[in-house]
Amino acid sequence: MTLATISIPPSADFWQDAVTRLLAPDQPLGQALAQHGEGQGALDFSGCQLLVPAFSHARNFKAALSRALQRPYLAPRINTPSGLLAMLPPDASAAPPESERLMQLYAQLREHGWLKKMFSARRNADLLPLAQTLLALSDELTLALLPEIRAGAGAADVGRDRWRQALATLLEPLAPNAHGMLSDEAQLVWTVWKSQLDGSDRLVQRFDALLRLATHADLPLVWISPTAPEALDCAFLQAYARRQPVCVLGMDWSGVGLAGPAALYAAAWPELLQDDAVPSPLPARLPPLPQLCAAADLEDAAVQGARIVLRWLEQGKGEIAVVAQDRVPARRLRALLERAQVVVADETGWKLSTTRAAAALAAWNDLVAARGETGALLDLLKSPFVFASDPERGERIMRIEARLRRNNIAGDWNTLQSVFAELDEAGGERRWMVLLARLASRFSGRRDLAGWCLLEREMIDALDMQQALAEDVAGQQCLLLLDDIAGRQAGTALADEFTFAEWRALLNLRLDATSCTPPITDRRVVMLPLNGARLRHFDAVLVLGADAAHLPSPPQETLFFSNAVRRELGLVTRAERQRQQLRDLTELLCVNPEVVLCWQSQQNGEPNPVSPWVQRLQLKLAQHGLPGLPTVQLHAPLYALQAVSASMPAPSAPDLLPGRLSASGFGSFLACPYQFFAARMLRVAVMDELSDMPEKRDYGSWLHEILTRYHERVRDQQPPQAQRATLLQQISAEVFERALAQHPAALAYYARWQRVMPAYLLWAAEREAAGWHFVFGEQAMSQTLAWSDGAVELHGRIDRVDANDQGERAVLDYKTRALPSLRQKVADDDDHQLAFYGLLAGGTIDAASYVALELAGQALGDAAAPDFGARQQVLRQQIAGTMQAVAHGAPLPANGVESVCQYCDMRGLCRKGAWL
489 MTLATISIPP SADFWQDAVT RLLAPDQPLG QALAQHGEGQ GALDFSGCQL
539 LVPAFSHARN FKAALSRALQ RPYLAPRINT PSGLLAMLPP DASAAPPESE
589 RLMQLYAQLR EHGWLKKMFS ARRNADLLPL AQTLLALSDE LTLALLPEIR
639 AGAGAADVGR DRWRQALATL LEPLAPNAHG MLSDEAQLVW TVWKSQLDGS
689 DRLVQRFDAL LRLATHADLP LVWISPTAPE ALDCAFLQAY ARRQPVCVLG
739 MDWSGVGLAG PAALYAAAWP ELLQDDAVPS PLPARLPPLP QLCAAADLED
789 AAVQGARIVL RWLEQGKGEI AVVAQDRVPA RRLRALLERA QVVVADETGW
839 KLSTTRAAAA LAAWNDLVAA RGETGALLDL LKSPFVFASD PERGERIMRI
889 EARLRRNNIA GDWNTLQSVF AELDEAGGER RWMVLLARLA SRFSGRRDLA
939 GWCLLEREMI DALDMQQALA EDVAGQQCLL LLDDIAGRQA GTALADEFTF
989 AEWRALLNLR LDATSCTPPI TDRRVVMLPL NGARLRHFDA VLVLGADAAH
1039 LPSPPQETLF FSNAVRRELG LVTRAERQRQ QLRDLTELLC VNPEVVLCWQ
1089 SQQNGEPNPV SPWVQRLQLK LAQHGLPGLP TVQLHAPLYA LQAVSASMPA
1139 PSAPDLLPGR LSASGFGSFL ACPYQFFAAR MLRVAVMDEL SDMPEKRDYG
1189 SWLHEILTRY HERVRDQQPP QAQRATLLQQ ISAEVFERAL AQHPAALAYY
1239 ARWQRVMPAY LLWAAEREAA GWHFVFGEQA MSQTLAWSDG AVELHGRIDR
1289 VDANDQGERA VLDYKTRALP SLRQKVADDD DHQLAFYGLL AGGTIDAASY
1339 VALELAGQAL GDAAAPDFGA RQQVLRQQIA GTMQAVAHGA PLPANGVESV
1389 CQYCDMRGLC RKGAWL
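Residues 489 to 1404 in the numbering used here are what the sequence shown lists, from first letter to last.
Per label pair, the in silico range of CB-to-CB distance:
#1 Asn902 <-> Thr1061: 55 to 63 Å
#2 Pro879 <-> Gln803: 47 to 55 Å
#3 Arg1240 <-> Gly837: 54 to 62 Å
#4 Gly1357 <-> Lys870: 48 to 56 Å
#5 Glu787 <-> Ser1270: 49 to 57 Å
#6 Thr1061 <-> Ser495: 17 to 25 Å
#7 Arg859 <-> Arg1285: 27 to 35 Å
#8 Arg1011 <-> Asp1176: 47 to 55 Å
#9 Asn1092 <-> Ser1041: 17 to 25 Å
In silico lysine-lysine, DSS-like type, Cα no more than 30 Å apart, as pairs:
#10 Lys839 <-> Lys604
#11 Lys1184 <-> Lys1303
#12 Lys605 <-> Lys682
#13 Lys1313 <-> Lys1184
#14 Lys839 <-> Lys870
#15 Lys604 <-> Lys682
#16 Lys805 <-> Lys550
#17 Lys1303 <-> Lys1313
Note that these hints are calculated values from the structure, not bench results.
Quick reminder that beta carbons are idealized off the backbone N, C-alpha and C, glycines included.
Please model the complete structure; the sequences and the hints are all you need to start from.
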């Protein structure tokens, strides 16, 4: 039997030319045609096997065959190499899952401490990427050397000779001290590769299956591929040709017979041709050239791409390709097109790790690793897959976040449970925290892969994620991935045990290595990589990412494997990868009638040049006095907008008058009525920021708790003055010990309070000597304030109330400020806080003071409010009058002064600055 080759230059007529050549009398299809004769019946080509790179190519071939024959026919048996292998009966010894293969090698690597030292790994899990790299390198070596090993004396001889020759090529120009490191790495790769060459290796099994197919070959074979067959495929074709005729049909890059666009590109890029090729002269007439679209930035690249695609659709183009060389603007382009209700069929898919389903699994593992850190907790709870069927899910998450932010909880499992311990079980928040903490406590120790997958599955069930994941395309793949890692599909299991850190690293690697392809329902716009456009024809093509950083794609070196070593071992070199990518680009430009090359001309404020290949094409055109590549820039249509002058907002909302009013709420009204409208009437709230550092409000809360507990003990037990310093120190230590467990930086506030305590005790003793004694502290109060046609409930929490022997009562309000600033505050007529507390007490308070908890010199003190009774009456009338006016529809203008506005959270609503 024979093995023939057919080479066809790249052009839009590739498939038609291929059919014409295959119908020649000496080819399998031609022989079938000759046997049928000139009759008008259906031609039968089913006695021929045709292998194409992808199933999409079968449609192109059959369309070309129909055009050539113009009569009914039975098509050849068309398949892909992988599809043909999938039709074989399953092998009794199936290859292990990739995760098991990876972890089996990792389990061996982690036993060698010198590996961690060599590759600067701080922990065992850092060796997982090394194991993944070694397996990829082993697969490359197997693809290149396995046929030679099978044909020769075996791996021990053939492989070792090639290996030594390659290392000698690398080591010769290096310094002598490099031999030790390289010999260690070489021995590592050699050992790993030999361990993979057994019957359970998937590539070995694939090669054996191909040889079995060749042994039982009973049909002539046509192999169609735009690239040269790999070593394993060549061995298969040679074995097949011993029993049946084989025809290998590929792309012709010899330079002979190049015409039209191919000749132009070969002249600009001579390296795309074979090494001994002679480029053809430039064509007499220039073919349609690609257009250039230089976008200003990432957003402009996506917008320009979307406009170009939409214009093509308006022109009636039904097959449009987007080649995503740069995936970042490609994602943005896809979002813009979907906003315009244009579905993008993504043939490449996205990394599973970038999907929301995978993010939910990663968020759980991050939460376990962070031991209940608040940010990780909120990331998990906000995933749409967590507690998906709970009807009150959204409200509960908002309450949890508000509580954690308000109390600035950095988070750990004990703190989280204590924060929600006092809540009613009906709210669900406490139950969630207990459930999460209990589940997280199980993710410890060492387990095998099946055990970790089972635990992950239990977590999915406990957090009510199963149904939501099963209804999501990416979620389904996540569940299948867990089954694959556990070895359930292959019926295998790895006995080695791994820590949670190792399991988490493995899962992240597998999520990142798995592609998620959504179901394709509309193929008008297809997104694919450059090599995905091989042997395909589109009405128009947009290449997104035609800059120097993405075209050609950046090289990826593997360990010490330089191009010299790869060349000696028969592996693909960087130059060969770039040559193939250049051939893919050339084929794309030759086949498709309209191509736009788009890129970001600016990145991070720096010029970003177009691909050097495009620059060389421009140079070749200029050298021959020809016009350069055309450019395209699509601008948004112009619309006439009517200018509307902005004015200060002054809404009126009598129906939104709040039923309750606090001292801070009324202070907000006095500062800016619009601020009160947005925050208290519309209830627009800004979440507090979580901070690893305690804030001054936290310090104030700790002091309030300390002083309340201290004065309650003094009131109830009446300890002598000599023991009170010890009592205050003890209570302070208890409160700050709890605070330090959550915020170690609270130590600075603790030291600050310790300096204040002696002065506070001295002030408290003087006040007690003056006849005042503590009555109660930290008590919530409310009082109804009514007017002729309405009322509002005043509410708040009073820090402390004292009484004396004459029956007088005084309100004390603690402030972490120095005494001079408090004296200035009470002297201000606009200060209403103490008078508001007097109204809360229903007229039972005779005096009020601010208490300074910050040293001024070495002393503390209190600042008493002057004319306290009169101030209460003025405040009562002021509150009643303003609230009544709001209830009657008075406007609420945004008339705050700049000192208020610069810190106002509602400035984005009132838009101050746009109307001034």
